[in-house]
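First to last, the sequence lines map onto chains C and F. So for the first sequence, UniProt numbering puts the first residue at 1; every next one is plus one. So for the second sequence, UniProt numbering puts the first residue at 1; every next one is plus one.
Take these hints with a grain of salt, some might be off.
To be verified - Derived SDA-like pairs: lysine to any residue, alpha-carbon spacing no greater than 25 Å straight-line:
no., chain 1, residue 1, chain 2, residue 2
1, C, K33, F, H323
2, C, K230, F, Q35
3, C, K232, F, A175
4, F, K40, C, Y227
5, F, K171, C, E229
6, F, K40, C, N235
7, F, K40, C, E224
Hint data in this document are derived by calculation from the structure and do not stem from the laboratory. Remember, predicted model here, so these are calculated numbers, not experimental data.
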Amino acid sequence: MKILGIDTSSMATSVAVLEDNKLICEYTINTKKTHSQKLMPMIENMLNISDININEIDVIAVCEGPGSFTGLRIGMATAKAIAHVNKLPIVGINSVEILAGNMNLCDKNICSILDAQRTKVYMGQYKFENNELIEIKNVDVVEIDELIEELSNSNEEWILVGEAVYKYEDKLRLVDNIHIPAPSHNVSKGSSLGSLAMNKYNKNIGVYDCYNINPIYIRKSQAEVEYEEKMKRLNDGK
Amino acid sequence: MKDIITLAVESSCDETAVAVLKNGREILSNVINTQIELHKKFGGVVPEVASRKHIENIDAVLEEALTEANITLNDIDHIAVTYGPGLAGALLVGLSHAKALAFTLNKPLVGVNHIEGHVSANYIEHKDLKPPFITLIVSGGHTHLVEVKDYGEYEILGRTRDDASGEAFDKIARAMGLGYPGGPIIDRLAKQGNKNAIDFPRAFLDDGYDFSFSGLKSSALNYLNAKKMKNEEIVVEDVCASFQEAAVDVLSKKAIKAAKEKGYDIIALAGGVASNSALREKITELGKENNIDIKYPPLILCTDNAAMIGCAGYYNFINGRIHDMSLNAVPNLKIGDR
Ligand SMILES: [Zn+2]
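One chain only, chain F, in its complex shape (with noise of 0.2 Å):
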């Protein structure tokens, strides 16, 4: 059989990202331009600001991704593109060049959910993973517990009712005065910590399947505000891994629940915050005693990378779902919407 070749393109956020795929799982490339030097002084990801990188930056980075992989566009089988969830005008920038790059090379288009993107990541570093399986997709934007029934099936099993697990992690870094990206920081201080040291509340929710984090992340910043208050001193170690602790315990116990009560083995991590190390160690600690099979990619296909979104575009390409030009960004697209 003939090698498919995937061109996907990712601009949902703060990377202008393209990669170069070989039958769905194998990189040829995979460049990432990250702004994240560039939003750092405004706290946080300023929209515009990453919609005008992507467009100086797009055709560069696929330069640079054609290069790598060895291959000119005329190689190429099908163009895969993010058009949502993510932030209207970068989406726009990666979208409106994708669509124009398969309409000039006379190429399929397929559009990719950032989300299935993500969990996706899991087949190009697991070779034999396949559907179904249970997934905990954790990010900066999305707290999602999904059963992955087949390639591009999906049934949300349970959501964040507030804040992202990753926002939190980024509102408590900003609260102590850590920086951003939050998540890596607290990740990083944390291992210096006492994750007992403080007893900060977990919401399990009468035990169902859904998350919520601002009682975690109100209780921490009234710790920070009582201890300011007080003149007292704040171990940030401490706070850190306490903090850090709480919210991966509930991840870990909801998504071990999840696989055990849908009759499920393996559980696949995805989404930036799938990188927090401690999250890692407790959900593979838990899998061990509970025999899950507990499955991450590497770092760098946590982080919004174009790979995943060329693994994503593949499974949807040859099940017969593709585009037209009339695609459009779509900011809150669900898991498993089309």
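Chain C on its own, in the form it takes in the complex (with noise of 0.2 Å):
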């Protein structure tokens, strides 16, 4: 079973082909070139090098978020196209378990972090346990000071891992339980993406179609959240 897994949630582009427990190829560029120019040339030039027909892809994984709205949505419109196509499954995966999988096997707490820009900063912990990915806090946005005063206060060993951690990596150095792991981990990969959902897709959980996957932004947007503090404020006001 091949498994195509596509990454855009933050600013790297990444996409892999992972077939059963093999990983057979896989292409990230981090670069500020937009999702738009980089995703379709990348998955056709990887497969193609690869000598893959997109028609022999099986399922598709696709990070469906938090991150960069837009970034989420180039993802998800590609992954549903395809499945669409093709009437392809499609595992949704979220971006703060897929940097955390970059540290398969590690045995530290996991703290994955995005920026969800100002001071802001996408989180989910993670930790290990008889080779299974356990989650312990939930995906949320948080202010990285909250996040830097919470984990410095624990007892427990942190790996803060995400491209986001060198806005922040000033901070983070002062803090002696929180370690930075080397570059290679920081960045969302396709690899990691599509090894969890083949795990899930095994287990049948968070199975979709181009149907009926969305992206999960976590945050509202601008316009909403203004538009319900005018309507908090005028029945305040009564």
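The task is to assemble the complex, starting from two chains supplied on their own in separate frames and drawing on the hints.
In structure tokens:
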């Protein structure tokens, strides 16, 4: 069974094909060029060089979020269209889980972060137990300072993983029980996504089709937030 | 000759649309999923809200278009998709989807300029219409006077220097608390009003082909403010009729002038404001006086739709203008640019 993984949740675009337990190919580009310019040429090139026809793919795995709103939709629209044509299942994987998956079998606690603009990050906390990734804290959007405070006050050792670690590197380096892994672990990877998806697909968890999978944004759009605030003010004023 | 089947996708603003066409001008299906209701409470299109809706709906809209056309994806000869102008986030949903469709189906991808799509809506309705002709493109985002030299070949004669005509309609409607979208509401109320009640200014800008609607807009807003200050009654219908008359007067006269000076006997209207009844009447009347044939698409093809994108895409396709997988959205794409 071949699975195509697509991750466009942060700046890096990453795609991979896994066949059962083997990684066949992976392509990651971590530059500012848009996902729209990178993603399809990367899939096209990677499959070409690997002698894989898109019609050989059995399952599509896609990062469902949270992350860059537009980035998520580019990956999701691509996944949906491929799945639509070939009537394939789509497995959705959380962006923070994918990053945690980069730290496979690590014995420390793992906290994945993605930039959520200004001083906020999307965050999820995980741990490997008996070869399985276990969620300690559900994905959420938090202030980076509050997160650092929380982790530094815990009695555990933490690996902080994700592109966003570089944005806050100066602060993070000051905390003894927070560790930053090598650069190769700090980008979302199609291979990590693919492995997690393979596992979920075999257990039939988080399996969708092109009609019912959608990005998980965690946050409302600014216009909706403002609208709700306005409505609340009007109601409170009464 | 074998029929050419076009699958077209459009998501540049607040409509998720997919259409199937045969040989460029025959609609097999034209499915439009509009989000107008969703954006009403915000008083205008919210790009992020629109983009979220597009990704939720696009596959269902596609499937409906295929079912209605009674074809399968394998029957398609090429994919046409809007890549600009429009809202970046919204465009990227349809574009990313269409690119992956084209790749998986191994069919050519044709990126289409949304405005060229609006112009092409006329080809669908008027089966013997052929370039060259003059087109007046009027919508919420655009006001252009363009010479259509050939299929896919355009020369911009004039454009708005400030607000688009449809934008001015929306702003005036909002100032009077009439709701969104403003154009159709003003059109409807204007029918019960006196178009000569208020003498709003017309900007002819030294008689070139450019437009300006900010003066008209300010004048209408000042009028409404002054009335409110003096606590005088505002006859909404008269304001609508007079405002609309001033706008369509300039639009019509400039288009006629362009046709006469450039030696054309056809003017085709395009864009959302092309559905405005006063504009259609006014320009048709002036057209008769000047022996100029006025064409416009039916209402359903004036709003954003994918059939018009498919028609423009068909002519690009048969003329060999296709794109590769690196095609990106161009939010401020100009007509005629590639
Ligand atoms: Zn339009």
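A quick look at each hint next to the structure:
Restraint check: the Cα-Cα separation between K33(C) and H323(F) comes to about 18 Å, which is no more than 25 Å; the hinted pair holds. For the hint linking K230(C) to Q35(F), the alpha-carbon distance of about 22 Å falls within 25 Å, and the restraint holds. For a cut-off of 25 Å, the pair hint linking K232(C) to A175(F) stands: about 24 Å separates their Cα positions. Note on K40(F) and Y227(C): the hinted pairing holds, with a Cα-Cα distance of about 12 Å set against a maximum of 25 Å.
Simply put, K171(F) and E229(C) have alpha-carbon atoms about 24 Å apart, close enough for the 25 Å limit, and the pair holds. For the given pair, K40(F) sits about 20 Å from N235(C) by alpha-carbon distance, which is consistent with the 25 Å threshold. The suggested pairing of K40(F) with E224(C) holds, with an alpha-carbon distance near 12 Å, which does not exceed 25 Å.
Of the numbered hints listed earlier, not one is contradicted by the structure.
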